[in-house]
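Residues per chain, in single letters:
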Amino acid sequence: MNRSIRWIAPLLLACLILAACGPNRERDEDNQGEGPRASGSAGELDASGQIFAYGVSYETSDEIAQGRIDYFTEEFPDVRVQFSESNFDEQQFLTAARRADVVSVPRERIGSYVASGVLEPLEDCIARSGISLDLYYPASVEQVTVDGSVYGIPLDYVVTNWLIDTDLFEEAGIDPETWDVSDWDAIAEANRALRDVGALVGVDPKVSDEGDRFPMWVRANGGRMISEDGRESLLDTPEVAEALSFVKSIIDDYGGHSNFLDDRGATGDFFSAEQFTEDTEGAFPIQQWYLNVVAGSAPDTNFMAKPFLDRQGNPLTMAEGNAYAIMASSDNKDTACAFITATTSTDAWLRAAEMRQKASEGPQTGTAPANREATERIFAEYVDLSEHPELDAAMQVYLDTLENAFYVPTSPAAEEFRRAWIGAVTSVLNGEAEPEEALRQADEEAQSAIDSAGS
Amino acid sequence: MSSDTAAGRADKVSRWSAAERRTLLWALLFLSPWIVGFVIFTAGPMLWSLWLSFTDYNPLSGQGDFIGLDNYARMLEDRRVGLSLWNTLYFSVLYVPLSVTLGLGLAMLLNGVGGRFAGSFRTAFYLPNVTPAVAVGTLFLLILNNPNGLLNQALAALRLPTPSWLNDPDWIKNGIVLMMLWSIGGTVVILFAALRNVPAELYEAARVDGAGPIQRLLNVTLPMISGAIFFVLVINTVASLQLFSEVYTMFFGQRTGASAAGESSALFYVVYLFRNAFEFLRMGYASALGWLLFVIVVLITFFQFRLSKRFVYYEGE
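Sequences listed follow chains A and B, in order. Using this note's numbering, the letters of the first sequence map in sequence onto residues 1 to 455. Using this note's numbering, the letters of the second sequence map in sequence onto residues 1 to 317.
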């Protein structure tokens, strides 16, 4: 119990020392394999020497990252890249930022780092490398565009749709094909009906885990969390309050948030798809990476995907993912530019897909590049789910919605904004506050944070 | 300080013999590792954070402007300061008396254990204290889980209510108190050492005078170890006000196993301070929060010392 704040300073120093001598791995010309070659990806760049990529893993990563990086090191054999071998972490980034050349950052948070002045605008990089941003999904590019300047090259592109346990739905007397997810009353009725037939969780709106999918419910209701330019919080609006009231009503059907969480905790191992194999959970919206979980643990279980819809019945999904950015303090920006453009190129992604195909023993559901051309070619050339029709159909639902994605605009106080609305959602779900009051308070806090961070 | 007094002290130092001056130098030399460490790791950062508390310093850009008392004024409007202070004080009020009482009970039990197993028991009680805080937090995510956690399974077996320790805002802080009580080995060891120092003849005299076990506890044991009790009271109070690692691991870390239900109930003061410094990049504001906590700790400790004059017995005073 004697661990106290006075240990933080020496702890930080120790972390610095460990970071300096610790888990970083270098990747140089010892690459193997033969992948497709890019043509002219270096453009006018003079790429050489060494760079440090923070938030990027090689040794400790899967074949997707390794394939893309192998491609880069083949294209630029004289470049040495050092990796942090970690995901992006705000605290670690504070110490790593001063020596990093490249950072992989969640797109939603990029605005905070732009406001801090640590990221380099990429217009020069984009022009000299010869890449076209048209290659990337528009939502991913717009999310990294701040005041007209692009600050990141989108890496991955993850969207969300409904996954449904068809056995449970049939048992509850609901046809999953015709279940209308644009009708919120139908969602609430399905939740109750599924629980009546023994599902621990009928419908999980996925708003309990740090808010998670809440922006989708807001958007489905015609609202927005924040203005397009990220400067105005829109949390205190009727559309947001109505969305919050609705998801709370779903949670209240369980007798409160804690009961819901306890029930959900008992649905089984999420990463073994036990909610489907054990028929413990009816439906929930989730990103497409979860199809890989299903493919790996229960590829022939009975389930289906449905597009998430707004209340008018239009497909609607939320785009998320990381972007590669260049640190303004980098003294090797040409090489950093070569790295972020080459590793997100179509050829790099194809190389990764090829490696995954070789490594995969069971069905594989592809990758999720923000590069549109790469996505189309990977699913045309490398992904074959013909022996697993349910997985194949589900994957197709996700692919069909890639162009219907919105994004939560980044802001100068991205993390404070996120914490403000998560706090409001959680307090309402916990029954500690009414939606309007909680959102008004969150809106004030968020706007204050944005104003002070952006000034 | 008057010039007479200063001159007197200077005169006194100058009257030191060469041997005394040499002793002083040696003493300073031996103390120097601590002095250097104190200046670099405690006094220096404290002064730096005091300066930062008057700025809007951004740790990422390394830039900040002087903004006077704005950070302190902001605290008055920030409802999370009040919320986190409330959570922290709630925890302290529950934890500190329980840790001292339970620690004393365990120390008395240990004191009664003799033979070759005595050492093993002492080690067992202290073992949780050498467990890393992150491991403790992770462990208690499993123990406090509802309905599959060890604690609730035991409670269910006894047909007792099974609270949702990790998800119910009314129970989250109580669960954290339980978790921290698991690590009271330090308190137990200190009180156990104090108990061993109570002269046996005092108990014999009390017994001869007809005192029962309760009277001996109240009139002999507690007065004789009141210094140690006061010490653990102060230390545990300060530590409880600075609770961070376990709670952050459980409810706020990147790979937390708990839901966001603890977003408000488990928002302890130092967690909020940490978030401002390292997540919101508001190091100036976080420094101001740190100084508010410092003032609160000093005030509470001062109050405890004032009270101690009435309740604490020091041999030789």
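For the record, the hints were derived by calculation from the structure and aren't laboratory data. You may find that some hints are simply not true.
Computed from the model, here is a short list of chain B residues facing chain A with C-beta under 7 Å [as the list claims (entries may be wrong)]:
| hint | residue |
| --- | --- |
| 1 | THR55 |
| 2 | LEU60 |
| 3 | SER164 |
| 4 | GLU204 |
| 5 | ALA206 |
| 6 | ASP209 |
| 7 | GLY210 |
| 8 | GLU263 |
Some chain A residues close to chain B (C-beta under 10 Å, calculated; not the full set) [what the hints assert, rightly or not]:
| hint | residue |
| --- | --- |
| 9 | ARG98 |
| 10 | GLU210 |
| 11 | GLY431 |
| 12 | GLU445 |
Over 12 Å on every C-beta distance to chain A, these chain B residues come out as not near it, computed from the model [unchecked claim]:
| hint | residue |
| --- | --- |
| 13 | ASN146 |
| 14 | ARG207 |
| 15 | LYS309 |
Note that the Cβ used here is the ideal one computed from N, Cα and C, for glycine as well.
Status of each hint after checking the structure:
1. Using the Cβ-Cβ criterion of 7 Å, the hint placing THR55/B at the interface with chain A is not satisfied: the shortest such distance is roughly 13 Å.
2. For LEU60/B, the interface hint holds, the least distance from its beta-carbon to any beta-carbon of chain A being 4 Å, beneath 7 Å.
3. Restraint check, SER164/B versus chain A: the minimum CB separation of about 4 Å is within 7 Å; hint holds.
4. A cut of 7 Å between beta carbons decides the hint on GLU204/B: the least distance to chain A is about 36 Å, and the hint is violated.
5. Here the hint on ALA206/B is broken, as its CB sits about 33 Å from the closest CB of chain A, past 7 Å.
6. Interface hint status for ASP209/B: violated, as the beta-carbon distance to the closest one in chain A is roughly 39 Å, over 7 Å.
7. Against a cut-off of 7 Å between C-beta atoms, the interface hint on GLY210/B is violated, since the closest Cβ of chain A lies about 40 Å away.
8. Annotation: GLU263/B was flagged as interfacial toward chain A, and the flag holds, the nearest CB pair being 4 Å apart, inside 7 Å.
9. Nearest Cβ of chain B to the Cβ of ARG98/A: about 8 Å, under the 10 Å cut. The hint holds.
10. Nearest Cβ of chain B to the Cβ of GLU210/A: about 5 Å, under the 10 Å cut. The hint holds.
11. A cut of 10 Å between beta carbons decides the hint on GLY431/A: the least distance to chain B is about 8 Å, and the hint holds.
12. Against a cut-off of 10 Å between C-beta atoms, the interface hint on GLU445/A holds, since the closest Cβ of chain B lies about 8 Å away.
13. Once the 12 Å rule is applied to beta carbons, ASN146/B is inconsistent with being away from chain A; the minimum gap is 5 Å.
14. Every beta carbon of chain A lies more than 12 Å from that of ARG207/B, the smallest distance being close to 36 Å; the non-interface claim holds.
15. Every C-beta of chain A lies more than 12 Å from that of LYS309/B, the closest at about 25 Å, which supports listing it as non-interface.
Comparing the model with each earlier hint shows violations of hints 1, 4, 5, 6, 7 and 13; every other hint is respected.
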